[in-house]
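*Asks:* Since chain A is already given, all that's left is putting chains B and C on it; use the hints.
Protein chains in written order, with the numbering used here: chain A, 347 to 609; chain B, 2 to 351; chain C, 67 to 349.
In short, the hints are calculated from the structure, not lab data.
Possibly wrong hints are sitting among the right ones.
Footprint (simulated), chain B over chain C, 3 or more residues, beta carbon under 8 Å [what the hints assert, rightly or not]:
#	segment
1	296-306
2	312-322
With a straight-line cut-off of 30 Å between C-alpha atoms, the simulated DSS-like cross-links for lysine-lysine are [unchecked claim]:
#	chain 1	residue 1	chain 2	residue 2
3	B	Lys349	B	Lys73
4	B	Lys47	B	Lys311
5	B	Lys254	B	Lys73
6	B	Lys117	B	Lys311
7	A	Lys393	B	Lys47
8	B	Lys47	A	Lys557
9	B	Lys207	A	Lys557
10	B	Lys254	B	Lys207
11	B	Lys349	A	Lys393
12	B	Lys47	B	Lys207
13	B	Lys254	B	Lys117
14	B	Lys117	B	Lys47
15	B	Lys47	B	Lys349
16	B	Lys207	B	Lys270
17	B	Lys311	B	Lys254
18	B	Lys73	B	Lys47
19	B	Lys349	A	Lys557
20	A	Lys393	A	Lys557
21	A	Lys557	B	Lys73
22	B	Lys349	B	Lys254
23	A	Lys393	B	Lys207
So the derived list for chain C, only partly shown, Cβ under 10 Å to chain B, looks like this [what the hints assert, rightly or not]:
#	residue
24	Asp118
25	Gly121
26	Pro123
27	Asp130
28	Ile145
29	Ser146
30	Leu149
31	Val157
32	Glu237
33	Gln240
34	Ala241
35	Ser280
36	Asp288
Because the structure is a prediction, the values reported are computed rather than measured.
All C-beta atoms, glycine included, are put in the ideal place defined by N, C-alpha and C.
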Amino acid sequence: MKLVTTRHLFSLAVPLFLTAAYLAPLASWIHNFGSAVDSRLLMIAPKQLWTTIIYSSAATAIAVALGGALAIYHRFLVPDGRRWLSLLVCLSLFVGFIARNFAWLAILGFIEEGLSSVLGVRIYLAYSAFAVVLVMTSALVPLAFFVISNGLRPLRDEQLEAAQVMGVAPHQLFRAVIVPIALRSASLAFLLILAIASAYFVTPRILGGGKVDFIGTTAVWFLNHGDSTFANQLGLTLLVPGSLISASLALLVMRWRGRQLGF
Amino acid sequence: MKPRLLVGLLLILGVALATWLYLKRGRGRELIVVSYGGGAYQASHKRAFIEPYQAQTGIRVQSVVWGAEFGKLQEMVRSGAVPWDVVEVTASQFLRGSREGLFAQMTTLPDAEEFKPLPGGPTISPLGVPNVYWSTVVAFDPHAFPQVGPSTWQDFWDLTRFPGPRALYDNPRGNLEFALLADGVSPANLYPLDVTRAFRKLDELKPHVRVWWSDGTEPVQLLLSHQVVSSSAWSGRIVALGEREKEIRYSWKGAAHELDYWIVPRGSKSIDSASAFIRFASRPEEMAAQARLIGYGPANSQALNYVDAKILPHLPTAPANWALSFVINATWWAEHEQEVEAFWVRWKGQ
Amino acid sequence: MRRFRIEPSAYAFLGTSVRRTLLLASMLSLLWILLPCAYLCIWAICGTAERDQLGVPSLTWFADLLSDQDWLWSFLVSISYALSCAAAACVLIALFAYSIHFASRWFEAASGASILLVILSPVVSLALSYKYFAGVCSIPAHWAYGVGNTLMLLPIAYAGFEAAQSHVARERLQAGVILGASHGSNFLYVFLPQAWRPLVSSYILCFLVSLDESVFSIMLLDTGRVPVTKRLWDLVGVDSTPRPAAAAIILALAVLLLWGLAAVGARVIRHSRRSSRRKHALL
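Looking at chain A on its own, in the form it has when it is part of the complex:
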């Protein structure tokens, strides 16, 4: 009898890859940099973590709200419209994230010029927290759209027709049937996108003007300035919100599965 069969090789491909490519680097990194904490960490990390969480949460919340609206609209479009809308949303993914940041810098410059000539007073949009949240949202809306669209698939026209036949008014139907289904995938989208947004450093670097420093931006700054140990310790602190988000997601999924199983 073979000790290792083809079935085992098939089954173990992903776990082995994850062990070698995910657990091993992460474990050795935490082991090397997690033991002696740099005293400067307490000086910098709390404020930066707070900045990171606040701005990424704001961008995520707006992205989920807009992406959700877009996903619901997509659900009820004519079939041709659905294809075109999905294509338009995908189009943004073609041109790349960093290039879009460059474009936003110029667009905000034009808007500033336009507003200052109309209002007679200079309004500053670029190089600010507003610009960072605006651009992050622009990048996150497509992700929110895809996750929530996927979550709206179980919504069937027959369910809505049945509710309508039973006398439910349209606004009640929207609130009582469509919104709860959308909210479920929206909460999943919020957590997934928050995990991605909190690790951003490109947008704060390009549009923040050096005033909106996420943990990732500061870690890269110290790395570039030759302080790789401190940069790595700053990177470690990002695992804190990451773990909280993972735990929240796990609880959410367990709660849903519990409901499905009747407890």
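*Replies:* Frame of chain A; chains B and C shown alone:
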């Protein structure tokens, strides 16, 4: 289904493998020369050093950009995987790198006839050759101040006479000195820096700093597009604008000079070729060619004999400009940089 | 605009105010997403050396990039890594998706959770850990980048497959094994024909995401032959010309070209399969 799927997969893997093999093949006779930030400065390297060197020797030189990320250099040397052959570093990085053993001893150096340091300037060492003096000056938008603009760091801090948003370099090096100059400290008494006093002075200006810029092209763009009224800026980037130079005004009063060095990182596979390149780039004619393009002061005093008379007033090392400015103390910064940088990041975030 | 109208049957489910709010919010979202894309096209064609100034339309910046060997290498490197890392991620997920039909539920749950954990780990932290680990184990930077890129694509490929597991009939797979087929044959002849659609859509999504991967390339790669994302990052604060816009458009066009070729190839395959089926039917 199976043959087509296999053919498709094989095609994809084949393309990937071919690309990998091509990337992996030996570099042959090629040097990698690393200079700052791209844009005008990298262009000056290409035209003044790289193209003539390639034409003379037939060795292909690849110009790579970096933003003085010292950590990158450290990681490379410590890991032993050093793809770079010639790197330009700042004076404080040169001191720190020499101490940490990051640089290789060059096998050939410019001789005494070719390279004469400036009076009081550093000499050649086997670990590094001085390259250029570059300067951070106070610049302003004449559109915002058509008559008189900020010409000193005290003016830069004066928000009553010269209101409007500012921009400063996102690094304590230079900014602490400017804050102390604005607070009345004379250039001769700057060092050792009174860090607390400098941060207190910077507190006055912080709400009006619109952008903390990280590369030389940024302040120039910010001034040209009227997004800030005044900024610290690297003089060479303004000079490189050419005809558009008159759209930005700047002053040499209180300008901070820093020196760059050519080094060969330890572990480079082409130390001989790298040393030969550095020797070529340190020749007076080549350094004068670069000064013509970027307006930075060659560390080789012989080069000033080859620089056009109309370029000379723009150079940091011109006697009139040198008298108004100061040189950043690389030794002080090499010792205190890490500590001060943490205060800087915390201070900015407050 | 008629394409974007709501189905008449849905009018009964959504009140007028809800319809109008959804329309407004959707148009705002689309504008928010597409405005930078539109500006990139304009900037690449009409841009000048100064960031805020537009001039006469020309293809100068495209020609500038396409004549620069380093940029050409970057385009090739980006597309090669995207093709190969997406393929690697999809192959791994296909093997995983096959194996869970024969594995216990705890294995399925644990493996699925650990794949999703990757996307929940901050990318910056992962990239820093790779930088450290690659240095300690003397792994070449491009290898580390390829593996890291594949790792980040796993959850995306997994999500694509999970959504389409209903396409795969477990009974057929088990029947194959019962009838004596090896797992290799079962995978190639029973599983893949059923799962090729979700495989292809996962591959396309992974390819797009891999092309835009920037964190690992910024942290790990330093030599001249780097992907486009790393080269664009190096231009931040340095270059005010429309080069980033031109690079983004060139890459987008290259992807569209590849996509077009793949679609034509798929049509040819479908056409030849239909005509061979007709031939067999006649015979």
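*Asks:* Determine for every hint whether it applies to the structure shown.
*Replies:* Verification of the supplied hints:
With a cut-off of 8 Å between beta carbons, the segment 296-306 of chain C has 7 residues touching chain B; three or more are needed, and the interface restraint holds. A count of 0 residues in the segment 312-322 of chain C with a Cβ less than 8 Å from any Cβ of chain B is obtained; the coverage claim is therefore unmet, three being the minimum. Between B/Lys349 and B/Lys73 the alpha-carbon distance is near 24 Å, which keeps this suggested pair within the 30 Å criterion. A distance of roughly 23 Å separates the Cα atoms of B/Lys47 and B/Lys311; the hinted pair therefore holds under the 30 Å criterion.
For the hint linking B/Lys254 to B/Lys73, the alpha-carbon distance of about 34 Å lies beyond 30 Å, and the restraint is violated. Taking the CA atoms of B/Lys117 and B/Lys311, the gap is about 23 Å. The hint holds against a cut of 30 Å. A distance of roughly 43 Å separates the Cα atoms of A/Lys393 and B/Lys47; the hinted pair therefore is violated under the 30 Å criterion. This hinted pair does not check out: B/Lys47 and A/Lys557 have alpha carbons roughly 34 Å apart, beyond 30 Å.
Between the alpha carbons of B/Lys207 and A/Lys557 the distance comes to roughly 10 Å, so the proposed pair stays at or under 30 Å and holds. Among the hinted pairs, B/Lys254 with B/Lys207 is consistent with the structure: their alpha-carbon atoms are about 22 Å apart, no more than 30 Å. Taking the CA atoms of B/Lys349 and A/Lys393, the gap is about 11 Å. The hint holds against a cut of 30 Å. Among the hinted pairs, B/Lys47 with B/Lys207 is inconsistent with the structure: their alpha-carbon atoms are about 38 Å apart, more than 30 Å.
At roughly 27 Å between alpha-carbon atoms, B/Lys254 and B/Lys117 fall within 30 Å of each other, so this suggested pair holds. Taking the CA atoms of B/Lys117 and B/Lys47, the gap is about 24 Å. The hint holds against a cut of 30 Å. Note on B/Lys47 and B/Lys349: the hinted pairing is violated, with a Cα-Cα distance of about 36 Å set against a maximum of 30 Å. With a CA separation close to 46 Å, the supplied pair B/Lys207 and B/Lys270 exceeds the 30 Å bound.
A distance of roughly 20 Å separates the Cα atoms of B/Lys311 and B/Lys254; the hinted pair therefore holds under the 30 Å criterion. The hinted pair formed by B/Lys73 and B/Lys47 meets the criterion: a straight-line CA distance of about 23 Å does not exceed 30 Å. Annotation: proposed proximity of B/Lys349 to A/Lys557 holds, straight-line Cα distance about 7 Å (limit 30 Å). For a cut-off of 30 Å, the pair hint linking A/Lys393 to A/Lys557 stands: about 13 Å separates their Cα positions.
Taking the CA atoms of A/Lys557 and B/Lys73, the gap is near 24 Å; set against the 30 Å cutoff, the hint holds. Proximity of B/Lys349 to B/Lys254 is assessed by CA-CA distance (about 26 Å); at most 30 Å being required, the pair is judged to hold. About 18 Å separates the Cα atoms of A/Lys393 and B/Lys207, which keeps this hinted pair within 30 Å; it holds. Checking C/Asp118 against chain B by beta carbon gives a least distance of about 5 Å; that is within 10 Å, so the hint holds.
Against a cut-off of 10 Å between C-beta atoms, the interface hint on C/Gly121 is violated, since the closest Cβ of chain B lies about 14 Å away. The criterion of a C-beta within 10 Å of any C-beta in chain B is not met by C/Pro123, whose closest approach is roughly 22 Å, and the hint is violated. A hinted interface residue such as C/Asp130 counts as satisfied when its beta carbon comes closer than 10 Å to some beta carbon of chain B; here the least separation is about 13 Å, so the hint is violated. Because the closest C-beta pair between C/Ile145 and chain B is about 9 Å apart, less than 10 Å, the hint holds.
A distance limit of 10 Å between C-beta atoms decides the matter here; for C/Ser146 the minimum to chain B is near 4 Å, and the interface restraint holds. Annotation: interface hint on C/Leu149 holds; nearest CB of chain B at approximately 5 Å, less than 10 Å. Interface hint status for C/Val157: upheld, as the beta-carbon distance to the closest one in chain B is roughly 8 Å, under 10 Å. Checking C/Glu237 against chain B by beta carbon gives a least distance of about 20 Å; that is not within 10 Å, so the hint is violated.
The interface hint given for C/Gln240 is violated, since its Cβ lies 21 Å from the closest Cβ of chain B, which is over the 10 Å cut-off. A hinted interface residue such as C/Ala241 counts as satisfied when its beta carbon comes closer than 10 Å to some beta carbon of chain B; here the least separation is about 18 Å, so the hint is violated. The restraint placing C/Ser280 at the interface with chain B is violated, with a minimum CB-CB distance near 16 Å, outside the 10 Å limit. At its closest, the beta carbon of C/Asp288 sits 6 Å from a beta carbon of chain B; the interface hint therefore holds under the 10 Å criterion.
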